[in-house]
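Visitor: Could you slot chain P onto chain S? The hints should help.
Chains S and P supply the protein sequences, listed in that same order. Using UniProt numbering, read the first sequence as starting at 1 and increasing by one per residue. Using UniProt numbering, read the second sequence as starting at 1 and increasing by one per residue.
Just so you know, the hints here were simulated from the structure itself, not pulled from any lab data. Some hints could be false.
Intra- or inter-copy, both count: the list cannot distinguish identical chains.
Straight line, CA to CA, 30 Å or less: simulated DSBU-like cross-link-like pairs of lysine-lysine [said to hold, decoys possible]:
no., residue 1, residue 2
1, Lys-369, Lys-49
2, Lys-49, Lys-390
3, Lys-369, Lys-390
4, Lys-342, Lys-390
5, Lys-146, Lys-31
6, Lys-334, Lys-31
As the structure is a computational prediction, the values presented were derived from the model and not from experiment.
There are 2 protein chains.
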Amino acid sequence: MYGTWGVFLGGILLLQVLQLSMGLDNGLALKPPMGWMSWERFRCITDCKLYPDECISEKLFQRHADLLVSEGYADAGYEYVIIDDCWLEKNRDNDTQKLVPDRKRFPNGLNALSDHIHNQGLKFGLYQDYGTNTCAGYPGVIKHMKLDAQTFADWDVDYVKLDGCYANISDMASGYPEFGRLLNETGRPMVYSCSWPAYQEDAGEMPDYESLKQHCNLWRNWDDIEDSLESLMQIIDYFAKNQDRIQPHGGPGHWNDPDMLLLGNYGLSYDQSKLQMAIWAIMAAPLIMSNDLAAVRPEIKAILQNRAVIAVDQDELGIQGRRVLSRNQIEVWKRPITPVTKSGHHSYAVAFVSRRDDGAPYRIPFTVKELGLTNPKGYNVQDLYDASSKLGVFQSESQFITRVNPNGVTFYKFTAL
Amino acid sequence: MYGTWGVFLGGILLLQVLQLSMGLDNGLALKPPMGWMSWERFRCITDCKLYPDECISEKLFQRHADLLVSEGYADAGYEYVIIDDCWLEKNRDNDTQKLVPDRKRFPNGLNALSDHIHNQGLKFGLYQDYGTNTCAGYPGVIKHMKLDAQTFADWDVDYVKLDGCYANISDMASGYPEFGRLLNETGRPMVYSCSWPAYQEDAGEMPDYESLKQHCNLWRNWDDIEDSLESLMQIIDYFAKNQDRIQPHGGPGHWNDPDMLLLGNYGLSYDQSKLQMAIWAIMAAPLIMSNDLAAVRPEIKAILQNRAVIAVDQDELGIQGRRVLSRNQIEVWKRPITPVTKSGHHSYAVAFVSRRDDGAPYRIPFTVKELGLTNPKGYNVQDLYDASSKLGVFQSESQFITRVNPNGVTFYKFTAL
Chain S
1 MYGTWGVFLG
11 GILLLQVLQL
21 SMGLDNGLAL
31 KPPMGWMSWE
41 RFRCITDCKL
51 YPDECISEKL
61 FQRHADLLVS
71 EGYADAGYEY
81 VIIDDCWLEK
91 NRDNDTQKLV
101 PDRKRFPNGL
111 NALSDHIHNQ
121 GLKFGLYQDY
131 GTNTCAGYPG
141 VIKHMKLDAQ
151 TFADWDVDYV
161 KLDGCYANIS
171 DMASGYPEFG
181 RLLNETGRPM
191 VYSCSWPAYQ
201 EDAGEMPDYE
211 SLKQHCNLWR
221 NWDDIEDSLE
231 SLMQIIDYFA
241 KNQDRIQPHG
251 GPGHWNDPDM
261 LLLGNYGLSY
271 DQSKLQMAIW
281 AIMAAPLIMS
291 NDLAAVRPEI
301 KAILQNRAVI
311 AVDQDELGIQ
321 GRRVLSRNQI
331 EVWKRPITPV
341 TKSGHHSYAV
351 AFVSRRDDGA
361 PYRIPFTVKE
371 LGLTNPKGYN
381 VQDLYDASSK
391 LGVFQSESQF
401 ITRVNPNGVT
411 FYKFTAL
Chain P
1 MYGTWGVFLG
11 GILLLQVLQL
21 SMGLDNGLAL
31 KPPMGWMSWE
41 RFRCITDCKL
51 YPDECISEKL
61 FQRHADLLVS
71 EGYADAGYEY
81 VIIDDCWLEK
91 NRDNDTQKLV
101 PDRKRFPNGL
111 NALSDHIHNQ
121 GLKFGLYQDY
131 GTNTCAGYPG
141 VIKHMKLDAQ
151 TFADWDVDYV
161 KLDGCYANIS
171 DMASGYPEFG
181 RLLNETGRPM
191 VYSCSWPAYQ
201 EDAGEMPDYE
211 SLKQHCNLWR
221 NWDDIEDSLE
231 SLMQIIDYFA
241 KNQDRIQPHG
251 GPGHWNDPDM
261 LLLGNYGLSY
271 DQSKLQMAIW
281 AIMAAPLIMS
291 NDLAAVRPEI
301 KAILQNRAVI
311 AVDQDELGIQ
321 GRRVLSRNQI
331 EVWKRPITPV
341 TKSGHHSYAV
351 AFVSRRDDGA
361 PYRIPFTVKE
371 LGLTNPKGYN
381 VQDLYDASSK
391 LGVFQSESQF
401 ITRVNPNGVT
411 FYKFTAL
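So here's chain S without its partners, still in its complex pose:
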């Protein structure tokens, strides 16, 4: 009997451990989701006469599904095409109470759009809001959660972003898990992105990360990103300053989300674009673009599709990185990644971020040990933004010199030998 019970209890424990470490029990988002979302670039543009290529409409999402494939983003791993706010009619269906997509801008309905996206080999994401209304004032889910979860499943949705406008923050700790449970009950696997902690943080409340990990695949920790270096740096600083309580909770199936990539828009220079991409990879962040993919310059596209940087972001260990050092306004960010040696030493992605703007690239030396890299056999070092680079082998006592452009980044992989 003991033996049988032992196996049984062991099984329960294993399940619990798996549930804790794997996050929401839907088997999804074992790597940070990658894709494209409308909000940062296209906001709530609804005037399709004035802005036919920009308005929130089935055309916008069809066009971007097609561009994800034709421009090579899908091959690089970008997968989800996500409609953000402003896709709804202002009122639910009178008879069924179902959500209704805007009839003029989505004349063929969401199943047609969903099919278009799926036929491209991509996945379909959709925004809603936990409260009475979405942030832009369209109907929210709070009074129709079961119906809406089923409607999402009926539309073949693969990814749900649930915002938190027009809701009581105190209800979120029970309400967000409830909607997640209802999504799961539909039987359709849907990645579940929760905005819940961002609202708690803004209200000065501490999010319950154990609950988040149990109920959400990813969550927005803080403010929306805007199209400027200033906004980007505020977010980076937020994650760095609060990393002790945030970083441990990211992992396969449950990710911290610093918000969308700005690359391809108006506010970031080339060097600043490399910076966001590198730090998002260090943070194991979802890589969700929000740009006009037809207008992305080739050199920015190359950053977005950089396979070596994406591989860091998607590293199978799923350990989120941290800011570990700052000297002369050069910050060092570090993330443990594969391969791991037989003796248990990780490889590392290491980013050097300049907070300087004094014109010339800034040269700075570190010993490898100072970076916290202590593998006795040393590391083979590669520049992740220069595929051809072979910088050679560095030991723990070696000096590693980098030169970082103003408000730019250098980004290396230290492969443990």
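Guide: For chain P alone, coordinates are given in the frame of chain S:
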């Protein structure tokens, strides 16, 4: 007798009026100087082994003189090649007390470099400092002003930038004019750029603009520019907030100088690059680049060489523009330019500057009258960043709609009919 004295006195008055309106009596800089200077990008890099293409050396300035011509900048009007700080030996010549260029980095001396620059059809500029030392610690002019002025003339210098480190600010009001007088006494015409008011402003003193206009061809009003949008916007805001006391003093022969163009470096996006170029043109600012001309991307080069924008900057009236309006974080900047109608109505360059970063371009309507444009016959409007644009004729009561990218600019010429 009366008639003769009248003509004589009239002549004196005319000379005085000319001197006041034309600035420093050297007949130079009747339009804002255009050129290239080393500081913002190359700072005080003196290690030519580590940085052979970047160190302050004759090679750097030869290379950029050549690039100004071969890359088309000279044809667009960029003329002065200006050495900033860090070109000197740490000590004057023991026997002659003359300034000595760094022997390793300028092995052929400044006359050879000056010849190289002149042979390219360009002009030669050189930095010094009014105090005991330059800002980087090399010997300043204060104890050898007559000798140094003559040395500059002997080196065939065409443009002098006189910084103000290691000097008593209270001495500047007499010292800067004195050095200008000594430059003039050499008989060689040299544009005279004074940093004097920037130091006074930092010390909370009000510059004497009448004296500046009399003694300097241009002057740095405020802080150095750094390679970031933040720095650029601080400078733009400084000039806007203080425009009542600054703007009237710019004009042919005597220009306010908001510092170098950042275009082609690391910190500005494409849209932000257009913004600086447009506002510098509105402000009748010197167009002094500081970048590696071999590394400037084609789309940025096109902004730097935009003939229509440069024509605004160089407009013969030399009237500095102003910020005239701000609505919904869209600022309107305006500069009166040629052609002027027979009835005395100016044409205008009008820039709309976005201080927004909320993702999508922002659409905003104004009546032409709101912009302060009241010519009864109206204006023919052209987009200065789109040579092919013909937006048509707008009357004072017409609505003019523009759409501005986040932290970007739209820039138009309203030609009075």
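Visitor: Compare the structure with each hint and give your call.
Guide: The hints, checked one at a time:
1. Lys-369 to Lys-49: between (60 Å within a copy, 28 Å between copies)
2. Lys-49 to Lys-390: between (53 Å within a copy, 22 Å between copies)
3. Lys-369 to Lys-390: within (20 Å within a copy, 62 Å between copies)
4. Lys-342 to Lys-390: within (23 Å within a copy, 69 Å between copies)
5. Lys-146 to Lys-31: Within one copy only: 28 Å inside a chain, 71 Å across chains, cut-off 30 Å.
6. Lys-334 to Lys-31: within (18 Å within a copy, 52 Å between copies)
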